[in-house]
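Chains as they are written, first to last, in my numbering: chain P, 1 to 596; chain U, 1 to 533.
I should point out that these hints are in silico values taken from the structure, not numbers from a laboratory. Treat the hints with caution; some may be incorrect.
[Claimed, not checked] In silico DMTMM-like cross-links for lysine to aspartate or glutamate, where the CA-CA straight-line distance does not exceed 25 Å: (1) U/K456 / U/E427; (2) U/K164 / U/D51; (3) U/K444 / P/E417; (4) U/K443 / P/E590; (5) U/K444 / P/D512; (6) U/K522 / U/E167; (7) U/K175 / P/E227; (8) U/K443 / P/E417; (9) U/K443 / P/E259; (10) U/K423 / P/D512; (11) U/K88 / U/D51; (12) P/K388 / P/E462; (13) U/K444 / P/E423; (14) U/K522 / P/E290; (15) U/K522 / P/E462; (16) U/K460 / U/D429; (17) U/K460 / U/D450; (18) U/K456 / U/D429; (19) U/K443 / U/E468; (20) U/K443 / U/E433; (21) U/K180 / U/D299; (22) U/K444 / P/E590; (23) U/K443 / P/E423.
[Said to hold, decoys possible] Chain U is faced by these chain P residues, among others (derived, beta-carbon under 8 Å): (24) V113; (25) F180; (26) G232; (27) L281.
[Claimed, not checked] Every beta carbon over 10 Å from chain U, so not counted as near; a handful from chain P, in silico: (28) W162; (29) G170; (30) L179; (31) M330.
No residue lacks a Cβ here, since even glycine has one placed at the ideal position from N, Cα and C.
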Amino acid sequence: MKMNAPSPRTGRIAAVTLPWVLLLGSALWVASDRIAAPRAASGVAAAVDPVCGMSVAARTAHTHAFEGRTWYFCSRACRDSFAENPAGYALAPATGDSHTMRGIPVGMYQAGVAIVLLLSFGFFELIPTKPRGSGGSEGGRWDLTALPGVRAFLKRPLFIAWIRAITAAGFLFVIAAGLFGTQNPAANIAPLLTWTVWWAGLVVVVLFFGKAWCTLCPWDAIAGWVETLSGGGLGLRWPSALRNIWFAVALFIALTWVELGMGITVIPRATAWVALGMLALAIGSALLFERKAFCRYGCLVGRVSGLYAMFGALEVRAADRSICASCRTMECYRGGDKGDPCPTHQFLRVMDQNTYCTMCAECFKTCPHDNAALRLRPWGADLSVSGKPRADEAFLALALLSMTGFHGLTMTPHWGELTAWLETAAGSSYSISFSLLMGAMLGLPIFAYALLVRASSALAPEAGYRRLFLAYAYAMLPIALFYHLAHNAEHLLMEGPKLFALISDPLGRGWDLFGTASTVFSPWVTLERLWGLQVLFVIVGHVYGLWVSAATTRRLIPDRKRGLIAQLPMLAGMVGFSVFSLWLLMQPMEMRVSAM
Amino acid sequence: MKTATRLPWWKRIAVYRRAVQLLVFAGLLALPITARYAHYLSARSLDKTIDSWRGTLPGALMGLSDKALRLGIPDGEGGVATRRPRKKLLARARAFYGSAWSARLFGVSMTDLLAGVESAAASRTMRLVLVTGLAIPLIATALLGRVFCGWICPMGILSALARKTRELLVFLELKPFDLKVDPRAKYFVLAAGALVVLATGLPLLHHIYPPALFGREAHAWVAAVFDRAESGRTGFFWVGLSSASLFLLALFLLETAAAPGLWCRSLCPGGALYSLVGRFRLLRVKRKAAGCVDCSICDELCPMGLFPMTDRIGMECDNCGICVDACPTHALSYILKPPEKRRAGKLASAVLSLLFLGASTVEAHHIMGIPHYSYDESYPQAPVLKLVETVGPWEFQLTGYPGNPTPGVRTELHAYAVATATKKAFEGDIELEVFEVLAFGAKKSIYGPDSGRRDKSLHKYFPTYATEGNYELVLSFMDEGIVSTLRFPMVVGEPGSPWTAVGLFAACLASFLVLIRAVRIKRRRALGAEAAA
Chain P
1 MKMNAPSPRT GRIAAVTLPW VLLLGSALWV ASDRIAAPRA ASGVAAAVDP
51 VCGMSVAART AHTHAFEGRT WYFCSRACRD SFAENPAGYA LAPATGDSHT
101 MRGIPVGMYQ AGVAIVLLLS FGFFELIPTK PRGSGGSEGG RWDLTALPGV
151 RAFLKRPLFI AWIRAITAAG FLFVIAAGLF GTQNPAANIA PLLTWTVWWA
201 GLVVVVLFFG KAWCTLCPWD AIAGWVETLS GGGLGLRWPS ALRNIWFAVA
251 LFIALTWVEL GMGITVIPRA TAWVALGMLA LAIGSALLFE RKAFCRYGCL
301 VGRVSGLYAM FGALEVRAAD RSICASCRTM ECYRGGDKGD PCPTHQFLRV
351 MDQNTYCTMC AECFKTCPHD NAALRLRPWG ADLSVSGKPR ADEAFLALAL
401 LSMTGFHGLT MTPHWGELTA WLETAAGSSY SISFSLLMGA MLGLPIFAYA
451 LLVRASSALA PEAGYRRLFL AYAYAMLPIA LFYHLAHNAE HLLMEGPKLF
501 ALISDPLGRG WDLFGTASTV FSPWVTLERL WGLQVLFVIV GHVYGLWVSA
551 ATTRRLIPDR KRGLIAQLPM LAGMVGFSVF SLWLLMQPME MRVSAM
Chain U
1 MKTATRLPWW KRIAVYRRAV QLLVFAGLLA LPITARYAHY LSARSLDKTI
51 DSWRGTLPGA LMGLSDKALR LGIPDGEGGV ATRRPRKKLL ARARAFYGSA
101 WSARLFGVSM TDLLAGVESA AASRTMRLVL VTGLAIPLIA TALLGRVFCG
151 WICPMGILSA LARKTRELLV FLELKPFDLK VDPRAKYFVL AAGALVVLAT
201 GLPLLHHIYP PALFGREAHA WVAAVFDRAE SGRTGFFWVG LSSASLFLLA
251 LFLLETAAAP GLWCRSLCPG GALYSLVGRF RLLRVKRKAA GCVDCSICDE
301 LCPMGLFPMT DRIGMECDNC GICVDACPTH ALSYILKPPE KRRAGKLASA
351 VLSLLFLGAS TVEAHHIMGI PHYSYDESYP QAPVLKLVET VGPWEFQLTG
401 YPGNPTPGVR TELHAYAVAT ATKKAFEGDI ELEVFEVLAF GAKKSIYGPD
451 SGRRDKSLHK YFPTYATEGN YELVLSFMDE GIVSTLRFPM VVGEPGSPWT
501 AVGLFAACLA SFLVLIRAVR IKRRRALGAE AAA
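If we strip away everything but chain P, and leave its shape as in the complex, we get (with noise of 0.2 Å):
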């Protein structure tokens, strides 16, 4: 992965290691502030920013003084702005019930710019780099079933299926607290467990764990109980005109659609029925239809993580190929009296991407040979092997790609704009403006994709338009990912906090069961770090997808020259989604939980 390294054996150790040392040094870079800062001398825990509104952490605050009192600041623009007009803040300052965030100050914007069109058009071209064959993705793995113990553990019978009766009654409890709970959305767990621990969480645990949420599922886990309880389904086969995602794309365009438009967000109900209606959807597959054919078609959520999984750090292999070369029983597909047959039809023999498997470890159940491994391996391992680009998978990345950007968008106050002035100027109303823009967004970002894909074959005519348009879609994954992680750390990092306050009153019926219920907590994260984070994370995306791209270029395009060439109209619309990304985390964000 990495080409510069000076030996593979090293660079293929780095490349599995990075990820982790990403992950420690991020979590180091944000908790250095907190434990270097000494304490405030005040006594104050947290405070909130007079000219904001959010909530801050008094001791790694930026401060003021002001006739005799301290006042505390999220940033350093923030503090000088107080400074411009101290009374005027301090008569009327800002309330902590609802605020908007600052985005990345104009240098940092700037310089993010600057270091994306460095590494896109400066250097990383120039690296000369050997083709791979296939055989390249069995490189850089570090198996975890070798360590003592752990195979052991997945082979047990009911080792999952504890951890997923846990998470069921999670998921039960949300369910019941968006039904039952107050209604007031800051008092109520159930939307900020849903959205922003869950929603947010899952690009986090597919980056690192690939698809482990999928072990985790509670949808699967009680419609499988379900199914067992009610002695088996009908074991249909699933319609083969349904043998695709585009199901899933379109549930994953509703979810949007109802999360960002109706703001079901805010709304614990209708958080709750969002979550009864995958439920239902779940139990009435399971049901209908053999295997775990709604997990392999419908999900939108495991397809969404499915596609992002290809990325992702940790996966489910064979440990050796040539085993199963020689296997004729072939129980990882067709199951044995120790564990079930793969529930999305995968076999270990011929599996090389994560997208479809569940991780449900009854492959390591039934392998007789022992041979199913777990394996931690480098970041976006299956995306330059990819083997046969599907138009459905394609499709449903770039909706990733302009659906995170939209995501994005509608917190900034130029959403407001952009709907109030479609409102006026076409007379409809807000929930129309809303869905015309939302497809607009949805469009245009993959309109512009197809004439970049167009004027790439027009210059490398032997590649093919259909070909080109989508293999680079894969491309755009890690940019997608990217930006999703930058967005989501956000919500995390600022509004995550929140939790250790309403686990005590999880319904918003004034219980106190920890006695945490009226703390409040200060974000985990300053804002400074936080840009600083935003900013790494846009750029490692970047470079990911340069990398994906190159290695696609590689494959379709043979001839070096003309795939550099090739290439350029690519790279210009990767630049373009890293800027529009920056830009976007430039912009002030109104923070969707209000009352942090």
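Mind docking chain U on chain P? Use the hints.
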């Protein structure tokens, strides 16, 4: 069922019994509807309501009541030929009151035996109206036995429904349990219940007595449908779960899954009372030993767990006639058999002891001496909403009257802030703004900002919520130069009750599971048949 010779329908007692039960059930719903009809009629708003609710459920119910009550009464009143005959209609509509628990039909008060005992025990009074109210049921029971249980009580329908569901479970190979509880348990329930009521003076038995619960639910449902219609919401809706419907649902599930006929046979205190009186009954099921072939079909079918085949019927028979219908040789039939003299004396003493139960003169409220026609639903409650939140040093209290506002009706909100440390009330202005929370998260201000009316340190506001839905109450006040804002959620009407979602989900899931299982069983049987062939 293994009835060898199935009788034609008009010869089967079950048909008549089911018809009577369904009539009583319809009557239970008709009684509160008729009361509403009389209410609108006397308020001279009947035509208006019928017209404005055209095409909706409450409109249809009123139209139907109008048609039914006008049967046989010629149009015209006060010299106008087309005018509705109000006085006669009112007299007719007011001829029915009450429920299966206690009713007045055509001026005659009747009360259930258990209701009578409970009322007398709780008030420790025996009034004349109670004695006359008990007379008809007592005489009917003395003549016909527990016919109230077998032919009238709405629990009979629920129990039969549970048996049908059980058959479905058996078909689905789900093997329901078959628990038996000693039938004598109900006498214990009756004795213990009566003692508790007597000791505490609280009428508690009607909370577990199905005929009372059905009547109460019918009243509550009708009241809710029309109350909502009056505020402009005419659609069908689910009243929501009450303790009564929960109890009935639990009984249904228990009888379906675990113990068929459990309640009527083994637990019902009213059934116990009717059994005690029914001992002396005139109408009995009698076996002609000559015709009997000892097939034991009747013993198997008896819902009361009695044994007609060996003449062990006793006092618990409710004359339901299932055994008479089922007997393949027609060896079982009804006969009239007057009680022996010895037993007549016992009957007299039982009635007397019932009449002289209690001696004090505690007054039962409202309708002297006769149990309520229906309970809470007669007296609309106005629940109050109370929201408390702390901001800085202030504890904030927002109280709403009523707590569940009706759309279009002016409501009252009281805000009050007190310092948590000093207990001093906040003296500044508090502003209220009310937002309607629309779909897509948009908010529309519908009231204020307004500093309301001051009543010492109480701040009063009078918003009107135009439509059913979610609202947000935003209170703001300034303290030491800092403006604090508080947001309280307010729900008007029932915009999607959580129980509706849960109920709908559970119901759909259950029927889906049944369907899947049925398909699987059919499929397996077809395979089996193929293999056999």
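Evaluated hints:
1. As the CA atoms of U/K456 and U/E427 are separated by approximately 9 Å, the hinted pair is consistent with the 25 Å bound.
2. With a CA separation close to 41 Å, the supplied pair U/K164 and U/D51 exceeds the 25 Å bound.
3. Using a Cα cut-off of 25 Å, the hinted pair U/K444 and P/E417 holds, with the two alpha carbons roughly 17 Å apart.
4. Our distance criterion of 25 Å between C-alpha atoms is met by U/K443 and P/E590, whose separation comes to about 16 Å.
5. Taking the CA atoms of U/K444 and P/D512, the gap is near 33 Å; set against the 25 Å cutoff, the hint is violated.
6. Annotation: proposed proximity of U/K522 to U/E167 holds, straight-line Cα distance about 16 Å (limit 25 Å).
7. Annotation: proposed proximity of U/K175 to P/E227 holds, straight-line Cα distance about 18 Å (limit 25 Å).
8. Among the hinted pairs, U/K443 with P/E417 is consistent with the structure: their alpha-carbon atoms are about 16 Å apart, no more than 25 Å.
9. Of the supplied pair hints, the one linking U/K443 and P/E259 holds, its CA atoms being roughly 17 Å apart against a limit of 25 Å.
10. Among the hinted pairs, U/K423 with P/D512 is consistent with the structure: their alpha-carbon atoms are about 22 Å apart, no more than 25 Å.
11. Pair hint U/K88 plus U/D51 holds up; C-alpha atoms about 22 Å apart against a cutoff of 25 Å.
12. A distance of roughly 18 Å separates the Cα atoms of P/K388 and P/E462; the hinted pair therefore holds under the 25 Å criterion.
13. As the CA atoms of U/K444 and P/E423 are separated by approximately 16 Å, the hinted pair is consistent with the 25 Å bound.
14. A C-alpha spacing of about 18 Å is found between U/K522 and P/E290, which places the hinted pair at or below 25 Å, so the restraint holds.
15. The hinted pair formed by U/K522 and P/E462 fails the criterion: a straight-line CA distance of about 58 Å is larger than 25 Å.
16. For the proposed pair U/K460 and U/D429, the alpha carbon gap of about 11 Å is at most 25 Å, so the pair holds.
17. Between U/K460 and U/D450, the direct Cα distance comes to roughly 10 Å. Compliance with the 25 Å bound is thereby established for this hinted pair.
18. Proximity of U/K456 to U/D429 is assessed by CA-CA distance (about 12 Å); at most 25 Å being required, the pair is judged to hold.
19. Between U/K443 and U/E468, the direct Cα distance comes to roughly 15 Å. Compliance with the 25 Å bound is thereby established for this hinted pair.
20. Restraint check for U/K443 and U/E433: the C-alpha separation of about 11 Å stays at or below 25 Å, so the hint holds.
21. A C-alpha spacing of about 15 Å is found between U/K180 and U/D299, which places the hinted pair at or below 25 Å, so the restraint holds.
22. For a cut-off of 25 Å, the pair hint linking U/K444 to P/E590 stands: about 19 Å separates their Cα positions.
23. Proximity of U/K443 to P/E423 is assessed by CA-CA distance (about 16 Å); at most 25 Å being required, the pair is judged to hold.
24. Here the hint on P/V113 is broken, as its CB sits about 33 Å from the closest CB of chain U, past 8 Å.
25. The criterion of a C-beta within 8 Å of any C-beta in chain U is met by P/F180, whose closest approach is roughly 6 Å, and the hint holds.
26. Interface restraint check for P/G232: the shortest CB-CB distance to chain U comes to about 7 Å, inside 8 Å, so the restraint holds.
27. A least Cβ separation of about 12 Å between P/L281 and chain U goes past the 8 Å threshold, and the interface hint is therefore violated.
28. The Cβ of P/W162 sits about 24 Å from the closest Cβ of chain U, beyond the 10 Å cut-off, so the non-interface label holds.
29. For P/G170, the non-interface assignment is confirmed: its Cβ lies about 18 Å from the closest Cβ of chain U, beyond the 10 Å cut-off.
30. Chain U draws P/L179 into its interface by the beta-carbon criterion, the shortest separation being 4 Å against a cut-off of 10 Å.
31. No Cβ of chain U comes within 10 Å of the Cβ of P/M330; the nearest lies about 27 Å off, and the non-interface call holds.
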